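S.K.: Listed below, chain by chain, are the residues.
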Amino acid sequence: MTEQAIARETPATRESTTAAISDWAQEVAALAKRWFIELGRERLNLVFSVAQPAIWLIFFGSGIGRAVDRQVIGTSDYTGFTLPGIVAFTVVGGGVAAAMPLMWDKEGGYLDKLMSMPISRSSIIVSRFVYQFVLASFQVAALVVVALLAGVSFELGPFAVVIILVTAGLLSLAVTASFSALAYWVPGHGTFFAITGFITLPLVFMSNAFVPVDALPRWMEIVARLNPLTYAIEAMRLPIIKGWDGDILVALGVLGAFSLACLAVGAQQFNRQTADRVQ
Amino acid sequence: MTAMIEAHALVRSFGSTRAVDDLDLQVEAGEIFGLLGPNGAGKTTTIRILATLLAPSGGTARVCGFDVMTHPQEIRRRIGYVMQKISPTRNLLTGRQCIEMEASLYHVPRREVRARAEELLELVGLLPHADRQFNQYSGGMQKRLDLACGLLHRPQLLILDEPSLGLDVQSRHKVWDYIHDLRRQGVTILLATNYLDEADRLCDRLTIIDRGRVVVTGTPSDLKRAVGADVIQVTTAEPAPLAAAIAGQTWLQRHAVSEAGELHAHVTDAAAALPALMGIAAARSIPLETVTYTRPTLDDVFLLHTGRELREEEVTA
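Chains as they are written, first to last, in this note's numbering: chain A, 1 to 279; chain B, 280 to 596.
These are calculated hints, taken from the structure and not from any lab test. None of the values given here were measured: they were computed from a predicted structure. In this text, a Cβ means the ideal position worked out from N, Cα and C, and glycines have one as well. There's no promise every hint is true.
One-sided excerpt, in silico: chain A residues whose CB lies under 7 Å from chain B [said to hold, decoys possible]: (1) Ile37; (2) Met115; (3) Met117.
If you anchor each label on the Cβ, the simulated ranges turn out as follows [what the hints assert, rightly or not]: (4) Ile58/A to Gly418/B: 42 to 50 Å; (5) Asp483/B to Val47/A: 53 to 61 Å; (6) His452/B to Gln268/A: 30 to 38 Å; (7) Gln449/B to Glu107/A: 25 to 33 Å.
Calculated from the model, a selection of chain A residues having no Cβ within reach of chain B, i.e. all distances over 10 Å [stated by the list, open to error]: (8) Ile55; (9) Ile119; (10) Leu252.
Looking at chain A on its own, in the form it has when it is part of the complex:
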């Protein structure tokens, strides 16, 4: 290629990159709008989705909290201690819900229509993430209100809530991408629910959601330290019960790396499943 050709091509390339980003944003917005319209038609779904984690928090905080040894958890406030666990639990459950419409579209045939359109392969997953993150934000808001009413004091104040939201976002991205990949990979929804039913609860219990890692039996401790949920919970827990700590950034770094890996795997799996799928 001559230099002139390169010079002529550069502005055009930049223009087409801008256009591609604009197209992608339009796709994500259009798909996310669909998810929100559907949520609007099923308002009870919204009510229960937002109320459920708050009820879990009350249940764990004031019920089980009385049986917990303060020496073990390192604070007298079990509600504050377990709040991040409930957020993580909620986000994981939300990841399963995030992937479901993608599976229905696959089984109903609409995924084929979407795939025949000139859209980026990532926009469907990202639109589900956007939807799921907005829903998670409402859930976190309800949890924070209930926690405040229960007398939880956030050591980092409002900034703790910001860190919780950021963490919930990263975790939401990881689970939405992973479960979407699973939804595209499974032959039918039976397998999807069998697998998600099998892994979600152990994923939460094999973490520091309800018990500090150090207090777990040795083998569970090892599993918990490999479990990305542990890092998400750590990043949310420190700002509530301890205050600012460099470990927050470490935990967020680990979680962020994991989320990007999930997105890469999800997008790759998505490509593979849609490029050469048997009807």
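We have chain A already, so just place chain B on it with the hints.
M.R.: Just chain B now, kept in the frame of chain A:
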């Protein structure tokens, strides 16, 4: 004319079965081209390859001038695809919301989305029902909405997979009208169907496929002409005098009187022969009871080339 679709030696295997087996296809710009065949003949698989949803196992396919394997995104910008299945997963959206979403997915400029959606809802007669939910639409309305959605980005090529499957007669005719209108506007249409009448009435040219292979390609009338003559059947009290009277006419290929006393006249073109035959009968005061004629159908074409009937396959498939 330029080719809108060019497929050469196309193969697609699923395990050990070859759903598409060495298929060649050439669709010119501006025509309605039919893929006719029984269920399981490989129509949908062929269409899915051309719509960039399925990679071929062998051979090449170019759509709108682009290779399906190397430039799928270019093809997707230029084709509209209307699936056979009507997906229920849009049930909670209104017709307007469905079509506006798809307009955005086709990157219709944001400011034009609403107007474009309305224009196409109007075209398929759904504007009065635009704000009803998808699950309140009848099957025909859902299909028309899908058809409208396939036109949002003004595609060069519209791919229709069984567009009138499961529709009542009225809805079918409406869908056919839109397809004719589109062709008049210069849109090339690839149509897969297992309805003989649909293929016959709509298609400029068609390919009959069976077991993943091309059986024969041509215009419906050429294909039928190749099968043979039209047959005029006449019942009359005096078949013998009538037979004698029409003997030697230029339009007559051969004739016979059946055991039941029916005159069977094999003619080149029944539409031209009928008035002549009836004129001769009237001139000689031979009273006619019934006159019917049968033309070869595409079913006969399929029978001629495969030794099986298309209709049988439809039932047993």
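S.K.: All the hints need checking, so say for each whether the structure fits it.
M.R.: Hints, one by one, checked against the model:
no. : hint                             : verdict
1   : Ile37                            : holds (6 Å)
2   : Met115                           : holds (6 Å)
3   : Met117                           : holds (5 Å)
4   : Ile58/A to Gly418/B: 42 to 50 Å  : holds (48 Å)
5   : Asp483/B to Val47/A: 53 to 61 Å  : holds (56 Å)
6   : His452/B to Gln268/A: 30 to 38 Å : violated (47 Å)
7   : Gln449/B to Glu107/A: 25 to 33 Å : holds (31 Å)
8   : Ile55                            : holds (27 Å)
9   : Ile119                           : violated (5 Å)
10  : Leu252                           : holds (34 Å)
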